[in-house]
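Asker: Spelled out from the first residue to the last, the chains are:
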Amino acid sequence: MATQPAAGPRIRDGVRAALPLAPSPILFGLSYGVLADATGFGSAAAVVMSATTFAGAAQFAAVSVLDAGGTVVAAILAAVFLNARYMAISVTVASIFPGGKLRRLVESQSIVDESWALSGRRGSFEWPILVGSGLVFYGLWVASTAAGTLVGGVLGDPNALGLDAAFAALFLALAVPYLRERRAREAAALAAVITLVLLPVAPAGVPIVAASAACLLGLRR
Amino acid sequence: MSGVWIVVAVVGVATIAFKAAGPVVIGRRELPPRVQSLVELLAPVMLIALVVTQTLGGDQEIEIDARVAGVGAAVVALAFRAHIIVAMAIAALVTALLRLAV
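From first to last, the protein sequence lines are chains P and L. The number in my numbering is simply the position in the first sequence, starting from 1, with 92 added. Mapping of the second sequence onto my numbering: position 66 corresponds to residue 47, and the numbering continues sequentially without gaps.
Check the hints yourself; a few may be wrong.
Which residues of chain L face chain P? A partial, calculated answer using Cβ under 8 Å [what the hints assert, rightly or not]:
(1) T(-4)
(2) I(-3)
(3) I29
(4) T36
(5) R48
(6) R62
Label-pair distances were calculated between CB atoms; the ranges are [what the hints assert, rightly or not]:
(7) I45(L) / R108(P): 47 to 55 Å
(8) A143(P) / E44(L): 32 to 40 Å
(9) G39(L) / R102(P): 36 to 44 Å
The hints are simulated quantities; they were obtained by calculation from the structure and are not laboratory data. Everything numeric in this text was worked out from a predicted model, so none of it was measured. Ideal placement from N, C-alpha and C gives every residue a C-beta, glycine not left out.
Please take these sequences and the hints and turn them into a complete structure.
Answerer: Take a look at the structure:
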């Protein structure tokens, strides 16, 4: 890291930086609560998952695999594979966390795509921005999940509402930024082929887990 | 413990560990390049597999129904830089209306 300015950012600067992005976790959390409750995942499980996993895509993946009749193992693997990227993300900010191991363990949970992106905006990663904005996103995410579950139950049959297609649109929108890179496009295309081939022959959930093998393309030179 | 709670517990513990991996375990060292490139490709790969399953998956079959039109409408919306939530709403609306009509 280069020279730190004498008056560096504070936690409250992180909170402030997060506020313009607030609508996104609110709407996203609401829809997660609605979908989780409408598909029978359960309100309590949805809220606890938001409070512990705190990573949208994986949470939606777990709900959607179970809703499609996939097994517990398939749901776990799909979500865990999706979140493995946080290992790489957390390494990029490893050096900015002060204090002992326990403190770093707790504060590292503020890492989420948005807080990570905000914290690196000024060229080098800044701990107060990461933790401050992460706190805002965390609070909004858990609260809006809870609010969403209150609505989900009264909506009725999730498939009559087209929620299965909404899931597909969500995953597609989340994939778009990755697909700018050629290697990611190739791996994604291979994953699509594996999934299509296995859909008619393998039990629900298995095609998704098998498609993860497409990331082995990353080993090529 | 029901299946849902097992999923919540295992995914929660794994994600907490992933997020702590850098700051608590790995520190200033770097991930081996091969691990790094595998991990980077996992997210797009899983997301596309989920898109295919949610759009075409049936009971051990490929099922082409109203969802395809809904997702197609979402693709158009995303091409015009619509917000994720808007694309989701369009997909749900088109699919639900088609199911009502058929």
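Asker: For every hint, state whether the structure bears it out.
Answerer: Hint by hint, here is what the structure shows:
| no. | hint | in the structure |
| --- | --- | --- |
| 1 | T(-4) | holds, 5 Å |
| 2 | I(-3) | holds, 6 Å |
| 3 | I29 | holds, 4 Å |
| 4 | T36 | holds, 5 Å |
| 5 | R48 | holds, 4 Å |
| 6 | R62 | violated, 10 Å |
| 7 | I45(L) / R108(P): 47 to 55 Å | holds, 48 Å |
| 8 | A143(P) / E44(L): 32 to 40 Å | holds, 35 Å |
| 9 | G39(L) / R102(P): 36 to 44 Å | violated, 53 Å |
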